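So the sequence shown is numbered by this note's numbering: it starts at 20 and just counts up by one.
Take these hints with a grain of salt, some might be off.
Said to hold, decoys possible - Calculated pairs, DSS-like style, for lysine-lysine (alpha carbon to alpha carbon, straight line, at most 25 Å): (1) Lys76 to Lys138; (2) Lys182 to Lys144; (3) Lys77 to Lys137; (4) Lys252 to Lys198; (5) Lys96 to Lys78; (6) Lys209 to Lys252; (7) Lys104 to Lys78; (8) Lys96 to Lys138; (9) Lys198 to Lys137; (10) Lys144 to Lys68; (11) Lys78 to Lys52; (12) Lys137 to Lys96; (13) Lys101 to Lys52; (14) Lys77 to Lys52; (15) Lys252 to Lys240; (16) Lys101 to Lys116; (17) Lys68 to Lys54; (18) Lys137 to Lys116; (19) Lys104 to Lys116; (20) Lys76 to Lys52; (21) Lys104 to Lys68; (22) Lys96 to Lys76; (23) Lys45 to Lys77; (24) Lys77 to Lys144.
As the list claims (entries may be wrong) - Simulated restraints on C-beta separations: (25) Thr197 to Ile117: 22 to 32 Å; (26) Glu192 to Asn63: 22 to 32 Å; (27) Thr203 to Lys182: 11 to 21 Å; (28) Gly59 to Lys132: 30 to 40 Å; (29) Lys104 to Lys77: 15 to 25 Å.
Quick caveat, the hints were computed from the structure, so don't treat them as lab data. Given the structure is predicted, the values throughout are model-derived calculations rather than measurements. Glycine included, C-beta positions come from ideal geometry on N, C-alpha and C.
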Amino acid sequence: DEKSDFLLDSYAAEMVYHDGNFDEMKACHSDYKTKLAYLGPVRNDAMIKRFLELYAKKKIVSPQAISSMSYVFSIYKLSEEKAAKTLVDVCLSMPEKIASAGKLLFIGSRMLKTNEAKKALDPIKTMLSSSYRDDVSGPSIVDMAQQAMGEAAYRETVNAAGKRQSSLTPGWEILGLTKEVATTIFEEAKKDKFVSSREAHYGSQSTRYDEKGRALGKDGKPQNPEERAAAEKEERDAIENGSEGGGDMVKECSQCGYT
Numbered sequence: 020d021e022k023s024d025f026l027l028d029s030y031a032a033e034m035v036y037h038d039g040n041f042d043e044m045k046a047c048h049s050d051y052k053t054k055l056a057y058l059g060p061v062r063n064d065a066m067i068k069r070f071l072e073l074y075a076k077k078k079i080v081s082p083q084a085i086s087s088m089s090y091v092f093s094i095y096k097l098s099e100e101k102a103a104k105t106l107v108d109v110c111l112s113m114p115e116k117i118a119s120a121g122k123l124l125f126i127g128s129r130m131l132k133t134n135e136a137k138k139a140l141d142p143i144k145t146m147l148s149s150s151y152r153d154d155v156s157g158p159s160i161v162d163m164a165q166q167a168m169g170e171a172a173y174r175e176t177v178n179a180a181g182k183r184q185s186s187l188t189p190g191w192e193i194l195g196l197t198k199e200v201a202t203t204i205f206e207e208a209k210k211d212k213f214v215s216s217r218e219a220h221y222g223s224q225s226t227r228y229d230e231k232g233r234a235l236g237k238d239g240k241p242q243n244p245e246e247r248a249a250a251e252k253e254e255r256d257a258i259e260n261g262s263e264g265g266g267d268m269v270k271e272c273s274q275c276g277y278t
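Please model the entire structure based on the sequences and the hints provided.
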């Protein structure tokens, strides 16, 4: 019903928001357990599945994600076999969300310890394999994708740890990487001066400003919606008053050597 959906969505959103802050996550969980008590025996199953769906959608794979997921399963006091079944149920319920299923498979396979529990995740692998046209190579493609996911997660972890590192960044073990692979990734990141993906994206872009100090977008107009509206009004007023020019003179960011 609408009330339950709203509460379950709110629960999932708050848990994801507090990701990594275990005290806040525990308090949030306790609060919504009370609010959703009327669901009876299906409450816990509904809560954790709604959380997993949103977490997989919003979060990237990382050592922190594995720790958070492990913590959440401990809150529910689930056995490893039950945890594996829950992950499988969630993934099979959203076959169109391949990326989310891939993340949950990766986190689950690193979070769970027993061979039986890891084996119980096989239906997720089968589902992912079936998304490829070649049934023969599908499983190997899934394995390669999982390995690449771990390497990308460690690369981001290394770069996010800052530029003053001199020894191997923690996190490679929980991601299931060998020390050899981790060392290669670390040395490559070190050579590139530990540039994070965010820095790489924004560092190559010079921010442009107009004469009023407003940051401009690619179209030459203010990025801020309110400033954009004001600039458009200024332009209209300038046209009506018969003047030219006005608010769209561009200045480069001082960091780029322009004034």
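Task: Structure versus earlier hints - violations, ascending order - done: Of the numbered hints given earlier, those the structure breaks are 2, 4, 6, listed in rising order.
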